[in-house]
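Protein chains: 2
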Amino acid sequence: TLSTFLFWDSDFVRLSNPHLATMKEDVLYHFSLSTGTHDFPAMFGDVKFVCVGGSPSRMKAFIQYVAVELGLDVPGADYPNICVGTDRYAMFKVGPVLSVSHGMGIPSIAIMLHELIKLLYHARCSGVTIIRIGTSGGIGLEPGSVVITRQAVDPCFKPEFEQVVLGKRVVRSTHLDEPLMEELAQCSADLGEFPTVVGNTMCTLDFYEGQGRLDGALCSYAEKDKREYLNAAHAAGVRNIEMESSVFAAMCNACGLRAAVVCVTLLNRLEGDQISSPHEVLVEYQQRPQRLVGHFIKKRLSAA
Amino acid sequence: TLSTFLFWDSDFVRLSNPHLATMKEDVLYHFSLSTGTHDFPAMFGDVKFVCVGGSPSRMKAFIQYVAVELGLDVPGADYPNICVGTDRYAMFKVGPVLSVSHGMGIPSIAIMLHELIKLLYHARCSGVTIIRIGTSGGIGLEPGSVVITRQAVDPCFKPEFEQVVLGKRVVRSTHLDEPLMEELAQCSADLGEFPTVVGNTMCTLDFYEGQGRLDGALCSYAEKDKREYLNAAHAAGVRNIEMESSVFAAMCNACGLRAAVVCVTLLNRLEGDQISSPHEVLVEYQQRPQRLVGHFIKKRLSAA
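First to last, the protein sequences are chains X and D. By the count of the UniProt record's numbering, the first sequence reaches residue 304 at its end, each step adding exactly one. By the count of the UniProt record's numbering, the second sequence reaches residue 304 at its end, each step adding exactly one.
Think of the hints as simulated: they come from the structure by calculation, not from any bench. Wrong hints could be hidden among the right ones.
One copy or any two copies: either way a pair holds, since identical chains are not told apart in the list.
Unchecked claim - Within a straight-line C-alpha distance of at most 35 Å, the following computed DSBU-like cross-link-like pairs (lysine-lysine) qualify:
(1) Lys158 to Lys168
(2) Lys226 to Lys24
(3) Lys93 to Lys168
(4) Lys224 to Lys24
(5) Lys299 to Lys93
(6) Lys298 to Lys226
(7) Lys224 to Lys299
(8) Lys224 to Lys60
(9) Lys168 to Lys24
(10) Lys224 to Lys298
(11) Lys93 to Lys224
(12) Lys158 to Lys226
(13) Lys93 to Lys60
(14) Lys60 to Lys299
(15) Lys226 to Lys299
Please read these numbers as outputs of a predicted model, since none were measured by experiment.
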């Protein structure tokens, strides 16, 4: 309940948009939710932790896992998809934890974050921590290693997110919350179950050419060019590559959400391009960020 | 069967990547399909029409609709998801028609297209026509109007797709197949069921600020700036805005696929930002590109 979290109460989710104050109703189209038909404070007012990830089934698995971890699971309980009116995103909730899928890539997670941040605002949530739990390609790490992002960087290794607004380029900072990063690193040390590093995460708009892969339908460079690029990324402190962290950091930063990115690496890109580990190995890898963040939430709640 | 389509047979799907010839196995990770475990020529060799769209349930509805239209439906037949091992994309097939979901945004559809084009290549498909059937925001059109894309343009109204490859900007043409565009316009005239125009489609990386909306979690401009931008887009021939057409045109163009984009407009952006029409109205709108393209496929097959 809210009273447990009084020490966070001055810390409301804010919007960075003066126009919204004039709207009577707000339709969150891609969630199939609206302030005109749903009671957001009642449905979401107690949310303190939001976890987001690409795959809907993984985000459902996470809510089931975290429900058991937090002792909130009831035998036979189901966690229905709150966004049942659409197949764009899936959303699940147990206690103070919200789990939302975001699909793949910057545009897909950005749509979700616009509507999620408005949802948290309309619900008058405060003291919210948001963590992306995802998959990535590693650089120079053993597959299955977990990377906690220090800085989300662009394909030129700069900690910036560039966006086109009304036809003009706008650059935003991709700053992430440092104390949260350290708290998560400590949680992984507590667990001692898998290798974890803190490092930079490169965020790209493409999985194939955009990440220097040689195995897409199109490829216009040589193996040597690829190797040089990945080595330069490693020298710039990049330890993994994914497709959502920069806009996630930029938007959360602008709206007063403490944010972190925790991704497992499915392969070492210095060794190859294809994700060809056995299915059951990949499934276990994908549980690692969930276990780390589950432990973090449990620890936070028991300290409250 | 292939013999019906002999006149297209010189027209194989090609890749623009010399490295693939050296690979023994090709894992299409985001489809959960591999040349090592699936017989692509047997599964997909007869594909002549590929339809893609954002939502998995809409692409399933399309295959059911087109099966009936083409007289290929068997009472009680189901169309199982071919990508059942993953929830990244969904894929359905009936006769020569493949229907694939692509999620939202350029990165999401680009991952799908890389793997789809490789799939068609490995299956030795020829004479393939690919059409995106999607949703969009209209500019100066009655909601429910269908736009057949003449040119996919960027947020500066240029017919270009810019991509970052190994940290450097690369620009590709977004040329679409003109005879196909005209054939589709004729199909809509045949049907006479809904207003259809041929016009430019603006492709953006963001749904809110990137399309000049005032209702996102962030907005850094005034209503007047938005109005000027949308008017400038209209003056440049833009009739609708969506988030996938430019990379779709660029990649299909590079790989010898005749491609078209057919999107319904869910609202008129000169009148507002929110998609607030009743659910059943929006459902009917979304069937319009399906009906147009269903008619097109039927007409092509009966002429063969």
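A quick look at each hint next to the structure:
Both within a single protomer and between protomers do Lys158 and Lys168 lie at most 35 Å apart by alpha-carbon distance, with minima of 19 Å and 13 Å respectively. Within a single copy, Lys226 and Lys24 get their C-alpha atoms only as close as 52 Å, which misses the 35 Å cut-off; across copies the closest is 20 Å, which meets it. Within a single copy, Lys93 and Lys168 get their C-alpha atoms no closer than 38 Å, and across copies no closer than 42 Å, so neither meets the 35 Å cut-off. Proximity of Lys224 and Lys24 under a CA criterion of 35 Å is satisfied inter-copy only: 21 Å between copies versus 57 Å inside one chain copy.
For a Cα distance limit of 35 Å, the shortest separation of Lys299 from Lys93 inside one copy, 19 Å, qualifies, whereas the shortest one across copies, 48 Å, does not. In this assembly of identical chains, Lys298 and Lys226 lie within 35 Å of each other by CA distance neither inside one copy nor across copies; the values are 42 Å within and 45 Å between. Taking the shortest Cα distances, Lys224 and Lys299 never come within 35 Å of each other, neither inside one copy (46 Å) nor across copies (49 Å). For the identical chains of this complex, Lys224 and Lys60 are neighbours neither inside a copy (41 Å) nor across copies (42 Å), given an alpha-carbon limit of 35 Å.
For the homomeric pair Lys168 and Lys24, the shortest alpha-carbon distance inside one copy (30 Å) is at most 35 Å, but the shortest distance between copies (45 Å) is not. When the C-alpha separation of Lys224 and Lys298 is checked against a cutoff of 35 Å, the pair qualifies neither within a copy, at 46 Å, nor between copies, at 48 Å. Neither within a single protomer nor between protomers do Lys93 and Lys224 lie at most 35 Å apart by alpha-carbon distance, with minima of 47 Å and 40 Å respectively. In this assembly of identical chains, the alpha carbons of Lys158 and Lys226 lie at most 35 Å apart whether taken from the same copy (19 Å) or from different copies (30 Å).
For a Cα distance limit of 35 Å, the shortest separation of Lys93 from Lys60 qualifies both inside one copy, at 9 Å, and across copies, at 28 Å. In this homomeric assembly, Lys60 and Lys299 come within 35 Å of each other (Cα to Cα) only inside a single copy, at 21 Å, whereas the closest approach across copies is 43 Å. In this assembly of identical chains, the alpha carbons of Lys226 and Lys299 never lie at most 35 Å apart, being 42 Å within a copy and 46 Å across copies at closest.
Of the numbered hints given earlier, the model fails hints 3, 6, 7, 8, 10, 11 and 15; all others are met.
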